[in-house]
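2 protein chains.
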Amino acid sequence: MNIAILFGGSSYEHEISIVSAITMKKVLKKSTITYIFVDSERNFWLIDSEKINSKLFSSGEYKKSKQLTLKQGGFYGEGMFGSKQVAFDVLLNLIHGRDGEDGKTASLMTFFSIPFISPRLEASALSYNKLYTKFLAESLGVKTVAYEHLSKNDTRTISMDYPVIVKPVRLGSSIGVSIVKSEAELDYALDVAFEFDNDVIIEPFIEGVKEYNQAGCYTDGWELSIIEEPHKEEFLDFEKKYMDFSRDSQVCSAEIDDVLTEKIRETFKKIYDPLFQGSIIRCDFFVSQGEVLLNEINPIPGSMANYLFEDFEGMLHRLATHLPKENSIGVDYTYIDSIQKAKGKA
Amino acid sequence: MNIAILFGGSSYEHEISIVSAITMKKVLKKSTITYIFVDSERNFWLIDSEKINSKLFSSGEYKKSKQLTLKQGGFYGEGMFGSKQVAFDVLLNLIHGRDGEDGKTASLMTFFSIPFISPRLEASALSYNKLYTKFLAESLGVKTVAYEHLSKNDTRTISMDYPVIVKPVRLGSSIGVSIVKSEAELDYALDVAFEFDNDVIIEPFIEGVKEYNQAGCYTDGWELSIIEEPHKEEFLDFEKKYMDFSRDSQVCSAEIDDVLTEKIRETFKKIYDPLFQGSIIRCDFFVSQGEVLLNEINPIPGSMANYLFEDFEGMLHRLATHLPKENSIGVDYTYIDSIQKAKGKA
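Protein sequence lines correspond, in order, to chains A and B.
The numbering of the first sequence is the working numbering, which starts it at 1 and goes up by one.
The numbering of the second sequence is the working numbering, which starts it at 1 and goes up by one.
Just to be clear, a hint being listed does not mean it is correct.
[To be verified] The list that follows gives simulated cross-link-like pairs (lysine to any residue, SDA-like), each with its CA atoms no further than 20 Å apart:
1. B:Lys325 <-> A:Ser151
2. B:Lys55 <-> A:Ser59
3. B:Lys71 <-> A:Glu41
4. A:Lys63 <-> A:Ser40
5. A:Lys71 <-> B:Lys84
6. A:Lys55 <-> B:Lys55
7. B:Lys343 <-> A:Ser59
[Stated by the list, open to error] The following residues of chain A were derived to be distant from chain B, with all beta-carbon distances above 10 Å:
8. Lys51
9. Ala184
10. Gln289
[Stated by the list, open to error] Have a look at the derived ranges for each label pair, beta carbon to beta carbon:
11. A:Thr155 <-> B:Gly221: 22 to 28 Å
12. B:Thr155 <-> A:Glu78: 53 to 59 Å
13. A:Glu195 <-> B:Gly221: 27 to 33 Å
14. A:Glu195 <-> B:Lys29: 43 to 49 Å
15. A:Pro230 <-> B:Met1: 52 to 58 Å
16. B:Glu229 <-> A:Asn153: 30 to 36 Å
17. B:Lys63 <-> A:Asn153: 45 to 51 Å
18. A:Tyr188 <-> B:Cys252: 50 to 56 Å
19. A:Cys252 <-> B:Gln72: 42 to 48 Å
Don't read these hints as lab results, they were simulated from the structure.
For every residue, glycine included, the Cβ atom is placed at its ideal position computed from N, Cα and C.
Let the hints inform the model, and build the full structure from the sequences given.
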């Protein structure tokens, strides 16, 4: 199978996406990879998969590659004998953060009829924004951590007890996130968060809360990963998460009982189906007093969380043949024809 | 000002969009119009604004026009001397229904850096889906009509009293909508609605409820239309709405007191700002026992509801110079450089 990997983008996680894409070379051993890079100006480039390395991008050398144009049905490059389509079976959207996770890439691929693996438009728009994720969870009967929402021009007061965690609503990879231990620190944390977004959510910071991650997708049946208990640190800062995105070796299952395992899995399924069909996502849960709370949906986990699966590559191939189909809409000009007739013009 | 009108699309409202676009010729008297048609296969065509008429599309004759390609910065056509950019100052998204109102066009225009008038990605994704509109309203403290939500595979039982109105969650222009007077009729109405969507919402059908429409936008200040009381009919069916989309003459203000006027206006502003910046929308409200309830957000009203405004064209020009700006994200390869250094490669 020839898998096109789309990466880069106009995103704070542009570099993370490059690392994530290069890592896939070690993960996808049985597939052919076609690399399509989106530079920070949002131009498309066909990158030689033999020569790909991170310096190619930081040095600007990628600009010697073939530039591509998006047209109906695929990506095209100009050659000696006219425009030629880039061949691949399915596109994997590996743009983290803006452009990739916010619904733009999903829109582009759907509009231009390119089969792709990633959350679709609505799933992206809802999961990219942490406030909308709360609405979604509520509508599905999935519990989340309590929260307050502040916009840039709102009065900076909150009613919950400290410590709290302040998060820009639209970013991943912990960018702009702070733990605030007392009221005196709130202002600075909000300044930081509002650097990146006009909206923030504030949640109680629960000391020692158990955290579990579940990744998975639906192909011809459920394919769920092991449940991981991430490393205990206050939270992963940008640099640590960055290193995390290049992981390619398997980790161990969390030591939890069957009842909790089942609860986490059922909650994952409730969130995934049908909204996230066509994608591999990771849900991060908190467990508090036996209750499973959704913390975050990671719509495009770093390197797709390959290290949580036994047969990641096989799953990707199965998913590629089980993508959701867009409803086809027939346009037949019935009304225009009848108006023309009424006017005596047809 | 040269205004590009984007219309058509792969949408049940493809024909409505054509009518809406042609109507703008009568409305925009001081502007130059550049027509860009999206056919049902989602190819772009530059349509001669002198020759535009509905038959051009129903006959397929539009295919003799110049085909366009979307690239960074604009639309391009191939000519004798290479690729040439189509010149315009701002693009008006007039694709009704899918592609236009669901966030795809907003994604495309944002990605390709084209200044455009229409709701942005998030605003589109939330307002295109009637269920998500409920979440949005709730988060803003705006009241809506009570509702129940059914997915295609759910048991077909509801708990509210009849009569009810059944609506597919993702369509405009009353397509697939039924009024159901008793339980015996529910099954058929659901069959109809599920023809068009996998999700429906069901609301009480309130006999004789007062309905008021408010359109508007924010430019260098609020520009709100008159409040219209739409014609009293059970509801507008597709054909009637279709004719409605070609309206270009002004209507009269609803006869309501200042208190209600103010309530409607404040509710409109609460919904619009900041999510809908850059667009002209119409909100349809119900008024029941002095309370203002949001019925629907119409993110791209037919012919942009021009007939509700005194100076529609002037407003459009002002809006074109007050479009929201995307946050600029600098990509500087700091992390990749530092990894290169750590590896001794730089």
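Quick rundown of the hints versus the structure:
Using a Cα cut-off of 20 Å, the hinted pair lysine 325 of chain B and serine 151 of chain A holds, with the two alpha carbons roughly 17 Å apart. For the given pair, lysine 55 of chain B sits about 53 Å from serine 59 of chain A by alpha-carbon distance, which is inconsistent with the 20 Å threshold. Between the alpha carbons of lysine 71 of chain B and glutamate 41 of chain A the distance comes to roughly 11 Å, so the proposed pair stays at or under 20 Å and holds. The straight-line distance between the Cα atoms of lysine 63 of chain A and serine 40 of chain A is roughly 12 Å, inside the 20 Å bound, and the hint therefore holds.
Taking the CA atoms of lysine 71 of chain A and lysine 84 of chain B, the gap is near 16 Å; set against the 20 Å cutoff, the hint holds. Distance check on the hinted pair: lysine 55 of chain A and lysine 55 of chain B sit about 55 Å apart at the alpha-carbon level, beyond 20 Å; violated. Taking the CA atoms of lysine 343 of chain B and serine 59 of chain A, the gap is near 16 Å; set against the 20 Å cutoff, the hint holds. Residue placement check: lysine 51 of chain A keeps its beta carbon more than 10 Å from all beta carbons of chain B (closest about 15 Å).
Residue placement check: alanine 184 of chain A keeps its beta carbon more than 10 Å from all beta carbons of chain B (closest about 29 Å). Every CB of chain B lies more than 10 Å from the CB of glutamine 289 of chain A, the least distance being 27 Å, so the non-interface label holds. Checking the proposed 22 to 28 Å range against threonine 155 of chain A and glycine 221 of chain B shows it holds: the Cβ atoms sit about 23 Å from each other. Against the hinted window of 53 to 59 Å, the Cβ-Cβ separation of threonine 155 of chain B and glutamate 78 of chain A comes to about 55 Å, which satisfies the hint.
In this structure the supplied range 27 to 33 Å holds for glutamate 195 of chain A paired with glycine 221 of chain B, their Cβ-Cβ distance being about 28 Å. Between glutamate 195 of chain A and lysine 29 of chain B the C-beta distance comes to about 45 Å, which sits within the given range of 43 to 49 Å. Roughly 53 Å separates the CB atoms of proline 230 of chain A and methionine 1 of chain B, a value that falls within the hinted 52 to 58 Å. Our hint of 30 to 36 Å for glutamate 229 of chain B and asparagine 153 of chain A holds, since their Cβ atoms are close to 34 Å apart.
The hinted window of 45 to 51 Å between lysine 63 of chain B and asparagine 153 of chain A holds, with their beta carbons roughly 50 Å apart. Roughly 54 Å separates the CB atoms of tyrosine 188 of chain A and cysteine 252 of chain B, a value that falls within the hinted 50 to 56 Å. For cysteine 252 of chain A paired with glutamine 72 of chain B, a C-beta distance near 45 Å keeps the hint of 42 to 48 Å intact.
Hints 2 and 6 from the list above are not met by this structure, while the remaining hints are.
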